[in-house]
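J.: The primary structure of each chain is shown beneath.
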Amino acid sequence: MISKREVQHIAKLARIKLSESELKKFQKEISAILDYFNLLKEVDVSKTKPTFYPGLSIMREDKAEPQLTNIANKLVEAAPEKKNGYIRVKAVF
Amino acid sequence: MELHELTIVQAHQGLEKKDFSTLELTKAFLNRIEKKNKEISAFLAVNREAAISQAKKVDDLISKNKNISILAGIPLAIKDNILIEGQKTTCASKILKDYIAPYDATCIKKLKGQGVVILGKTNLDEFAMGASTEYSGFFPTKNPQDLTRVPGGSSGGSAAAVAADLCCAALGSDTGGSIRQPASFCGVVGLKPTYGSVSRYGLVAFASSLDQIGPITKTAEDAQIVFQAISGKDLLDSTSVELSETRSLSVDRERVSVKSLKIGVPKEYFVEGIEPEVEKVIKNALKKFENLGAKIEEISLPCTKYVIPTYYLICMSEASANLARYDGIKYGYSKGKSLLDVYFESRAEGFGQEVKRRIMLGTYALSAGYYDAYYLKAQKVRTKIIEDFNRAFEKADVIFSPTSPTSAFKIGEKSTDPLAMYLGDIFTAPVNLVGLPAVSVPAGFTGKLPIGLQIIGKPFEENKILEVAKIYGSN
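As they're listed, the protein sequences go chains R and S. Residues 1 to 93 in the working numbering are what the first sequence lists, from first letter to last. Residues 1001 to 1475 in the working numbering are what the second sequence lists, from first letter to last.
FYI, nobody ran anything at the bench for these hints, they're computed from the structure. For clarity, every value in this text was computed on a predicted model and none was experimentally measured. We treat Cβ as the ideally placed atom computed from N, Cα and C, and that holds for glycine. Mixed in with the good hints there might be a few duds.
Unchecked claim - Okay, the calculated bits of chain R under chain S, using three or more residues with CB under 8 angstroms as the criterion:
id	region
1	42–56
2	63–77
3	80–91
To be verified - Which residues of chain R face chain S? A few of them, derived with a C-beta cut under 10 angstroms, are:
id	residue
4	I2
5	K4
6	H9
7	I10
8	A11
9	K12
10	A14
11	L18
12	S19
13	E20
14	E29
15	Y36
16	F37
17	R60
What the hints assert, rightly or not - Below are the EDC-like pairs computed for lysine to aspartate or glutamate, each with C-alpha atoms no more than 16 angstroms apart in a straight line:
id	chain 1	residue 1	chain 2	residue 2
18	S	K1305	R	E81
19	S	K1027	S	D1237
20	R	K17	S	D1341
21	S	K1335	R	E81
22	S	K1094	S	E1387
23	R	K74	S	E1085
With the rest of the complex left out, here is chain R (with noise of 0.2 angstroms):
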């Protein structure tokens, strides 16, 4: 069983508030699926190498593409505060 400080210490490199009954309830089911997952250690892979995506590593240029100005627009648009065609972000001191 994972401690509850683990589970706040998740939760805050995850950037997610829990309140005091959640922080309860994913400790229980948390632990449970790694109970589940730590099946894994019974397979040997002392000589497999990871497969991070099964498709064709394709690479392109390293050269800037141009975008379309109403695409940029409406991706500003969508942001919850905005000022002057930029995103306002709070003051981060």
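Once you have looked at the hints, place chain S on chain R.
T.: Frame of chain R, contents of chain S only:
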């Protein structure tokens, strides 16, 4: 036959022969939605005006005796994690409740180019995370065959809409079974294409090494038509590939002879936890192919018991990274006084329980000290699963299995037990881990509940598995 019962092929013929107009066809579906959607809740949004105006455009072409594409004027429904310019795309999440898509997904652009009529957006488990559509942030969808049961998920809205004749065909997305399992539960055809066959540009990302867009239709032939329209290389998705001449999508080019067909059946799939009626229906399907001259080969996929932990570790890890973009700043729900509060509170209130669970587990699996033991380990076991399938395809042309170990379960039966829900992905998730194409086709019933047969093919052999599905349907 009523207009709303027509397949794509039949509707196209009717339009070409001027038996009915596109407007009549579209209105038949809109009226049907009006009558039936209340009890099924397949749609999150219906766009009546846009559908009618597009239908009129197609009628205009027909009246001028212009040649129309096979998809022109065909009324479709789209899963609400695929962007349609100017329309809401919510992913059935409160965090994107009012999000308006700024552009068309590539598959939508292609379908619009063919002149399809888009009826609306369908319900899903929030961000496509779930197998019952109960985890929608808005409301659950019901199975049209039995309203007390789930339609499956996460593309439950799309599958239910096709099964209930609320649209002619639909698009879904499939990360671990999200097209095939609801197709199986609702009694329709669902195709998960090869990783790379269809551009994901404009599909809201869940797990990028697994996600694919695909059709949910009434027949395998219809699935072929939609697949042909949406597949191909797209510069905006670097994982998409151009299908070569030999892998051509032409419907007529790849005739499959059942006489020389070697069907692999994984021995690990018929052991425990599978509903007896599901086993019976699949065994009957195999018998049918054997009688037609196909050769049934027992194959072994020894890593089957590791599929679920491997799949979930990978999809949760990728989800935790992909969903970091919902920060309350760039788009969507936003709440909080300071910068850090905005992150914590927007995500706390915007995401539902299953999404939080997956983000947290993925964050854990990627975090310092656990990365090697969980995430990297899972990616290595994935290689072993790929090796299993490579070996199996040395003996078999296609692999047959149940799509899901069960038929549609009761609403509420598994929604509070995440692990029980995960285990249902045992036959579908490996296909995504390996990147293969697979289709679920209706193969029988238990009572009134449909059971799907999954046909898995080698990479880019969508056409072959759909031809096999057609043979099944016509015999």
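J.: Check the structure against each numbered hint from earlier and tell me which ones fail, lowest number first.
T.: Violated: hints 5, 13, 18, 19, 22.
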